[in-house]
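Two chains, two separate frames, one set of hints: put the complex together.
Here the protein sequences come in this chain order: A and B. Once you know that position 50 of the first sequence is 50 in our numbering, the rest is easy, because the numbers rise by one and skip nothing. Once you know that position 18 of the second sequence is 18 in our numbering, the rest is easy, because the numbers rise by one and skip nothing.
By construction, these hints were calculated from the structure, which means they are not laboratory data.
Listed next, with one range per pair, are the computed distances between beta-carbon atoms: (1) B:Asn55 - A:Thr26: 27 to 33 Å; (2) A:Asp77 - B:Ala17: 43 to 49 Å; (3) A:Pro8 - B:Pro14: 36 to 42 Å.
The beta-carbon is built from N, C-alpha and C at its ideal position, and this holds for glycine as well.
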Amino acid sequence: DAMVIQNPRYQVTQFGKPVTLSCSQTLNHNVMYWYQQKSSQAPKLLFHYYDKDFNNEADTPDNFQSRRPNTSFCFLDIRSPGLGDAAMYLCATSGDSGGLQETQYFGPGTRLLVL
Amino acid sequence: RKEVEQDPGPFNVPEGATVAFNCTYSNSASQSFFWYRQDCRKEPKLLMSVYSSGNEDGRFTAQLNRASQYISLLIRDSKLSDSATYLCVVSTGGSKTIFGAGTRLFVKA
Chain A
1 DAMVIQNPRY QVTQFGKPVT LSCSQTLNHN VMYWYQQKSS QAPKLLFHYY
51 DKDFNNEADT PDNFQSRRPN TSFCFLDIRS PGLGDAAMYL CATSGDSGGL
101 QETQYFGPGT RLLVL
Chain B
1 RKEVEQDPGP FNVPEGATVA FNCTYSNSAS QSFFWYRQDC RKEPKLLMSV
51 YSSGNEDGRF TAQLNRASQY ISLLIRDSKL SDSATYLCVV STGGSKTIFG
101 AGTRLFVKA
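Okay, chain B solo, but in the shape it has when bound (with noise of 0.2 Å):
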């Protein structure tokens, strides 16, 4: 079983329509945890942190179960520029990061 799992997809969806990703991690020991964006032939960046109590970054929301060890992400009313890979990221403190596959989206006008 891998550390970090999200399905690949890829999502096809229309413009304003709503999305969510997954992310499963298999050690429960974890600490920190963190939804990344990388475009095509880019570098990841930073899309949000994600904790406990949840959050929400404009039409972005992030949760965190750690009981059932998984993280999601939530896109509302999605713009053709959210086209882009979403990569889960997930660390057990020490510098230890493991980044997920990433879930490939595709928004269509």
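Bound-form chain A, shown alone (with noise of 0.2 Å):
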């Protein structure tokens, strides 16, 4: 059974058309992390959430914002996509361990193609 589920799995969107990701989670974990990864990269942590409460990148464009309704649910939005933008979404979940880090679970991604 999927744990962690990311639709869509492919992502058309036009120049500059928003464009919402989403992600959800059957294992209750409190923490959601979103990453970008372009093609030969390593994944890039665009941000995350530890509960409620939002952790940005420093480096994270503002064009990238998240939204965290509920704990299973997480959406990426992309209010202005540019062509860099085009890459893998990945979206990931992790337990907490009173600070360290536990194993993250990845969902399988959405590809986002930016014409």
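And the structure:
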């Protein structure tokens, strides 16, 4: 059974047209992450939620926003996609070990194409 | 200097070979260490956590050297199915996680 689900698996959008990617989890983990991964590069952390607390990485562009309405769901909003935003977007979750990093479980990713 | 550095490879090895990957990290406050495996166009999946005492899981052995700030992964008796990208992951705690760019491995028949 899928534990971290991402929809859609493939998303095509137009330059400048807002797009939302979604992630849901059945693990009841309190931490959820969004990563951007471009070809042959490492996944780059954009931001994460620790419960409802939002943690933005310093170099994440303002064009990227996120929402977490409840434990199970998390959304990535790209307000005005540019050609450089074409990438695989990975959602991940992890539990809480009192500050120590636990294993992250990744969804299958959404591949975004910007035309 | 990157926070987590890996040799990008690719490593091309024959079946049955032993291959070792190294990864260095810059933050001495790092607390947790992992190796993930990522197949082409798939999501990363945990291969193993890395502990100070070293740990072994079948053909895979991971080691951590805190003094030198590096971790290693050894794969013995390589299989064709081991072909993938191996990602070194380092966490400083508080959910701050850094991925290395990955080392590509090709195992040939």
